[in-house]
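From first to last, the protein sequence lines stand for chains V and Y.
Note that my numbering has the first sequence beginning at 655, numbered continuously upward.
Note that my numbering has the second sequence beginning at 94, numbered continuously upward.
Bear in mind the hints are in silico, worked out from the structure with no lab data behind them.
For each residue, glycine too, the CB sits at the ideal point set by N, CA and C.
A portion of the hints provided could be inaccurate.
[What the hints assert, rightly or not] Simulated coverage check for chain V against chain Y, where a stretch passes if three residues somewhere in it have a Cβ under 8 Å from a Cβ of chain Y: (1) 665-672; (2) 685-698; (3) 848-858.
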Amino acid sequence: MSSRERILGRVRRALADVPQDDPSYAEAVARDYLREHGDRSVAETVELLAENLADYRALVHRCGAGELPSMVARLLADRKAATVLVPPGLEESWLAETDVTRVPDRGESTAHELDRVDSVVTACAIAVAETGTIVLDGGPDQGRRRITLVPDHHICVVRVPDQVVSSVPQALERLDPRRPLTWISGPSATSDIELDRVEGVHGPRTLEVILVG
Amino acid sequence: MSGTFVGMPAFPEAAREAVGNPTLRGNLRHATHTIRAKRAKAVAELSDWAALREAGKRIKDHTLRQLDRYLVQLEESVTAAGGTVHWAADADEANRIVTRLVKETGESEVVKVKSMATQEIGLNEALEAEGIRAYETDLAELIVQLGDDRPSHILVPAIHRNRGEIRDIFRAEMSEWGRPAPEGLTDTPAELAEAARLHLREKFLRARVGISGANFMVAETGTLVVVESEGNGRMCLTLPETLISVVGIEKIVPTWRDLEVFLQTLPRSSTAERMNPYTSTWTGTTDGDGPRTFHLVLLDNGRTDTLADEVGRQALRCIRCSACLNVCPVYERAGGHAYGSVYPGPIGAILSPQLRGTQSEIDASLPYASSLCGACYEVCPVAIDIPEVLVHLRERIVEGGPVTREGNKVVLKPAKGHAAERAAMRAARWAFGRPGVLRTGQRLASRTRRFHPRTLPGPGKAWSGTRDLPAVPAEPFRDWWQRTRGTIGEGGAK
Ligand code: SF4
């Protein structure tokens with residue numbers, strides 16, 4: 655007997671007490687929790703996103719669409735970045751005002767090559783206000799998961815209010831589970847040493863979020 | 094479970110030793126009290142916490158009651174998404190499968206993201222025996238691994254170590270394993286974290302095989318979910334060419350939507366955050382992004398035996414948030430190691446004896462490692478009635494009865510004249526004989542007060558016949574909690 659059959663057999667015997675007509679999933683699971691917490695205007699939701707991002711030590715910037723290229727250029731210059739990783743589908747204009755050397759997100763680039771890049775600029779799939787989270791789904795303007803992980807500085811652009819949802823339930827509704835997703839709430843952090851929070855153990859130590867719109 | 098803990102003294106002895114260690118007690122008290130206060134605040138932000146808790150409980154219960162169906166569905170969806178599913182009935186089989194998969198890649202080292210399932214089966218040791226080096230990459234796990242130590246908390250495995258101890262471990266051991274600690278390393282957390290970053294980055298960048306566990310598996314879509322803070326998880330999940338995930342069969346949820354409950358309750362219950370810094374989800378493999386090969390090893394190792402116990406099966410709802418550890422007066426004093434299992438604290442006291450059976454003294458003593466104060470139940474985000482299961486297991490140990498072991502029904506003999514009984518008696522004596530534990534423990538919920546006998550049942554009768562057990566005070570736990578903490582357990586208790 656294969657282990658598969660053995661385990662499934664054990665599960666079935668263990669559940670001998672469960673009646674045939676045990677309630678179905680829909681009947682068994684109550685969902686009387688909230689779809690979102692609080693009653694906010696669109697502007698207030700964006701404001702909450704900014705607050706919660708900052709509370710988890712992301713650096714938050716806001717600008718209009720026209721100011722984005724200069725904002726990106728300034729943030730890269732402030733970091734003295736010499737190289738920046740660029741996902742294949744990133745909006746051309748975003749980097750129009752910087753002359754930092756661009757490193758394309760290529761399948762064959764090794765982790766060591768990525769480790770030598772200073773910064774990465776990406777868009778996002780959505781952002782969740784109540785938790786201060788940005789979600790990347792590997793779309794063309796976000797690139798493969800590794801590019802937002804290995805460099806020490808990540809600039810993420812969120813289009814507000816279109817890409818902002820209030821809550822985790824609303825976020826899951828809008829995401830496609832078949833894509834690999836990365837939910838990011840603040841920079842990498844650890845509290846493993848006497849519960850003192852330290853930013854940046856393995857992921858980027860600096861996360862800058864630009865809310866555009 | 095792993096042989097790591099064979100030869101561990103039973104809980105009372107181990108606890109006695111721990112209670113006598115002032116550094117350990119200080120580290121623990123600081124840590125548990127800090128998390129506890131922060132958690133209450135994070136939970137209070139969600140006005141629907143009680144409803145989320147109820148939904149989490151129901152989702153998990155429903156899944157467990159139809160586990161065979163969901164396991165088959167999960168297998169189909171993972172396979173359809175490009176993954177390969179393996180089934181492991183016990184620790185040995187899981188270790189054999191993983192060892193074979195690693196060997197097939199031709200590699201002799203792997204990077205690991207913290208996983209209780211792989212600790213439970215002793216995977217690192219099994220790999221080591223086959224000449225494969227497994228590097229733990231979570232900062233706390235690194236501290237534990239370098240210190241040749243065992244984890245003592247679900248979430249903060251090195252909770253028992255302070256910064257000075259960590260610096261000493263890094264200075265002494267890092268060079269043995271790879272990049273040495275920087276010259277003049279001090280004990281500031283930032284410097285220690287930086288030392289770990291440099292040490293581990295070297296390993297991540299060359300790693301070709303990653304091993305993980307998972308917090309959740311979605312039957313409907315075949316998606317796996319890993320919740321973490323540091324980014325070492327993301328490193329292990331995306332940089333290697335081959336990813337092997339070892340996951341207990343109870344970690345299933347039926348649908349993608351179900352995650353909306355747990356992604357709200359887990360971070361707030363565990364690290365007291367609105368959301369943990371990183372959550373990764375993946376469904377099979379993705380062309381051009383992340384590992385090209387994905388293996389899922391579904392682990393039984395006592396879980397189906399646990400499932401067979403109608404009272405005890407609720408322990409399988411556990412999402413390993415560790416909230417119950419942080420409120421437990423016994424854990425706070427005894428520390429995680431005293432439990433002699435990878436699952437410490439209240440959840441360990443009900444899960445380990447079910448997964449492993451109660452033949453050993455340590456396992457037979459675990460259901461007694463509690464004062465039944467009820468705090469663990471109040472905080473549990475999936476409403477596991479830990480006191481109920483503890484009492485059920487105590488009865489089982491003392492009175493015997495039918496249990497399932499390795500899929501077979503067996504009848505457990507009453508513990509008369511048995512090592513388990515002696516362990517139980519010693520544990521009772523230990524708890525009742527310690528004013529500190531007792532002071533907290535005596536404030537019992539009125540509903541559990543009836544389980545605290547004047548005389549001990551079964552074989553304990555003779556023992557308690559000549560000794561007085563302390564009387565249980567009339568004030569129920571909830572009143573005490575309100576009086577001393579100023580707030581009722583926010584978990585929406587029944
Ligand atoms: S038993 Fe409940 S509180 Fe304890 S770790 Fe599991 S889910 Fe968390």
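Tested hints:
no.	hint	in the structure
1	665-672	holds (count 7)
2	685-698	holds (count 5)
3	848-858	holds (count 9)
The earlier numbered hints are all upheld by this structure, with none contradicted.
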